[in-house]
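There are 2 protein chains.
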Amino acid sequence: MLFREKPGVVMQKFWSKTISVSEAVELAVKILKESIELKAIDIPIDRSIKMISSESIKCPIDLPPYNNSAVDGYAVRSIDTIGATQLNPVKLRVKCSMDTGDPPDKCGVLRDSEAVEVGTGAPLPEGADAVVMYEDSLKVGDYIEVFRQIAPFDNVNRAGDDFKAGEEAISEGTQLTVFHIGLLASLGLKNVRVYRPLKALILPTGSELVEPGELLQLGKKYSSTDYIVASLLREAGFIKVIKLSPTPDHVEEVKKALLKGLEKADLAITIGGSSIGSRDVVHRVIDSEGLWVFRGVALRPGRTTSLGLINRKPVFILSGNPVAAWAGFTAIIKPSIYKLYRSSPPVEPSIVATVSERIVNVAGYRSYVRVALSSNGLKYFVKPYMIHGSSYLSSIIKAHGYVVIPEEVEGYDVGEEVVVQLFTTRHLHVA
Amino acid sequence: MLFREKPGVVMQKFWSKTISVSEAVELAVKILKESIELKAIDIPIDRSIKMISSESIKCPIDLPPYNNSAVDGYAVRSIDTIGATQLNPVKLRVKCSMDTGDPPDKCGVLRDSEAVEVGTGAPLPEGADAVVMYEDSLKVGDYIEVFRQIAPFDNVNRAGDDFKAGEEAISEGTQLTVFHIGLLASLGLKNVRVYRPLKALILPTGSELVEPGELLQLGKKYSSTDYIVASLLREAGFIKVIKLSPTPDHVEEVKKALLKGLEKADLAITIGGSSIGSRDVVHRVIDSEGLWVFRGVALRPGRTTSLGLINRKPVFILSGNPVAAWAGFTAIIKPSIYKLYRSSPPVEPSIVATVSERIVNVAGYRSYVRVALSSNGLKYFVKPYMIHGSSYLSSIIKAHGYVVIPEEVEGYDVGEEVVVQLFTTRHLHVA
Chain A
1137 MLFREKPGVV MQKFWSKTIS VSEAVELAVK ILKESIELKA IDIPIDRSIK MISSESIKCP
1197 IDLPPYNNSA VDGYAVRSID TIGATQLNPV KLRVKCSMDT GDPPDKCGVL RDSEAVEVGT
1257 GAPLPEGADA VVMYEDSLKV GDYIEVFRQI APFDNVNRAG DDFKAGEEAI SEGTQLTVFH
1317 IGLLASLGLK NVRVYRPLKA LILPTGSELV EPGELLQLGK KYSSTDYIVA SLLREAGFIK
1377 VIKLSPTPDH VEEVKKALLK GLEKADLAIT IGGSSIGSRD VVHRVIDSEG LWVFRGVALR
1437 PGRTTSLGLI NRKPVFILSG NPVAAWAGFT AIIKPSIYKL YRSSPPVEPS IVATVSERIV
1497 NVAGYRSYVR VALSSNGLKY FVKPYMIHGS SYLSSIIKAH GYVVIPEEVE GYDVGEEVVV
1557 QLFTTRHLHV A
Chain B
1137 MLFREKPGVV MQKFWSKTIS VSEAVELAVK ILKESIELKA IDIPIDRSIK MISSESIKCP
1197 IDLPPYNNSA VDGYAVRSID TIGATQLNPV KLRVKCSMDT GDPPDKCGVL RDSEAVEVGT
1257 GAPLPEGADA VVMYEDSLKV GDYIEVFRQI APFDNVNRAG DDFKAGEEAI SEGTQLTVFH
1317 IGLLASLGLK NVRVYRPLKA LILPTGSELV EPGELLQLGK KYSSTDYIVA SLLREAGFIK
1377 VIKLSPTPDH VEEVKKALLK GLEKADLAIT IGGSSIGSRD VVHRVIDSEG LWVFRGVALR
1437 PGRTTSLGLI NRKPVFILSG NPVAAWAGFT AIIKPSIYKL YRSSPPVEPS IVATVSERIV
1497 NVAGYRSYVR VALSSNGLKY FVKPYMIHGS SYLSSIIKAH GYVVIPEEVE GYDVGEEVVV
1557 QLFTTRHLHV A
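Protein sequences appear in the order of chains A and B. Every letter in the first sequence is one number past the one before it in the working numbering, and letter 12, counting from 1, is 1148. Every letter in the second sequence is one number past the one before it in the working numbering, and letter 159, counting from 1, is 1295.
Please note that a few of the clues may not be correct.
If chains are identical, the list can't say which one is meant, so a pair holds when it fits in one copy or spans any two.
[Unchecked claim] Straight-line alpha carbon distances no greater than 30 Å define the calculated BS3-like cross-link-like pairs of lysine-lysine that follow:
#1 Lys1166 / Lys1376
#2 Lys1519 / Lys1194
#3 Lys1391 / Lys1169
#4 Lys1396 / Lys1534
In case anyone wonders, no lab produced these hints; they're calculated from the structure.
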């Protein structure tokens, strides 16, 4: 007998225990924290982009490290310029010149009525407290005439103006960006301490699946959701992916692949076989070998997203459907993993648009609705992206973005303003 | 003599020839196209993220590849269900069952009053044109009673509904995302043809520069802008970076490093030494060894961004100042490189905010103004992010985002709405 008696009823009973997205994330974070030991490693800064800092990094030095000139001109004692005007210039002796890279003591200490010619970035000589721009002076032999009274620290970049020694440069749990790398470099740090990359096993299941590049027999289809989930994980930037080939829907084969794969991974994500119907092989493996954390979430699509534990390691179950897997990953797995590291996913592009066709929710669910945008040149309008099958990849690739509808909202009516998260696959060349 | 006589005047004359940002991009694209030969390579799809497709990719097969069931239920001939109701069900003989992965001919051809039990995703048997859900039927022995009349293709995913064979899946110049990789996989494509990665040489110059990790002598500073530019290039995802150690401000050393480095690169980006003052060593190398494309751009910061040609290879010159280098890269180099590949940079996160403190421009310049956001819970407010030195990295790391002011706009007044590009370094936890 291929199907259970009245599977509709079985399914309903089974999934009636589904929890909310936020409960699922909370449980997942708890399980991830209990099962994964966070370790820190030191890596070169130029390989640290998107890695997550494992500690608060304090500035070891001031930035800039020393007072320096913000312009090309003459370093002076500001007190010497008191009363200087175009008609009554102050005359100072240029004793020496300094450029960026010169030691601050190159010209000795600046005394009464002395000036030092400085290039932009040159250290301020001892005794000087300001810089006169070329435009406010005239050189006459070994002297300059200064035409303007200047205040202390005029045209000076002061030590510590950018960052002060001891100030926190980067907090724990920061996902490092280009600019953090620049900051670490300017602090002289060659290496940075980050969390070691998470190792995630991906196990696609399904007797119908064939690897891309192989011959497609009738009734089979190419395995692709595993490629999407692997790419989403890699895109996060701090996760190593071990992707297995598709396993047929046999409990023993799935069990074997999962147990073996988990030996070298921190967690597993299985793809496919997640609905409680004919092919709940992953569920049966968890039933026999592990524990359930949650089975099903009030999420659309992605209702069958589940989490179990095998050998004390988290096993997320995602649908084989690419759109449901994307929603389950985005709503639950991604935020949970970031929270494990006391971090949060980076800001994604979004715009505000006016609803032009009602966007409907199912009561109690959090929905990820793919949408199409249009524009009248003044503002954007948004409506559900309708295609025959909402489970198709084209609903992501051809849509402009998506709208997340919270559990307590029944939908958005025409005229309401909503936030549209943009798929960066498409630019906003809307009609 | 360290400085030229009246360098202020020299500088003004020199930079008076500056061109607009759009003219600079246009010239840069022309030069890139003339000097860089685009070559295509085949790479495995799971290493193709962010690479740029070098050709239009047509779907070799339909997606889904065959008609299949969208639900668990019974495949039927819709004509057999005409007139079926709860009180007058139609009786059909269940001849066989099929699941995903089974060949479509497993159960033979469906004839009058026959049904085939099917799992979600199972191919539709020949002769069937619709699927009855479990909920609309009752199994009685080898028969089912169908309670509802259904239309052709009800509960069927039709071949080609997602993508049709021959349809363009990915256009030339597309920067591949997670979902493109999923699409390529589901089309059975193991490899994809993309442009070979661009090779960019980065040469920081400046006698004051010390590599991170080394001892900082008085008057020196750590080289960091080169790390930022290298990370920006790597982040684009299709560029290989060769980063040299800082070269002191000596024409012969810079010339030697540049000529040697360019042998293995498609283009160079020099950092520092870009102002026409005391240390215009890169300019002197272009003067003696190459040709100028443009010197200076009406861009703030980043006014000294320039482009020359050495041995027919483009040499971009960026300021040593991290903020000016970021602006020059973002306004000119990045869009030019994307245009070389008939592509454009991905959408960046942005929000609309109301100006709460005037944001000023300098006439004729395109300005990248770092801004701070606040919120009253209803909407966002934006004002310039003010720190002592606008050239400091903290103006990027501590600001929320930036506003781009076009050349023809003098500034934004209080109350105006502007688009704020967000630095993904900071989340919108605004006061």
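Checklist line | Hints the structure fails to honour | finding: 4
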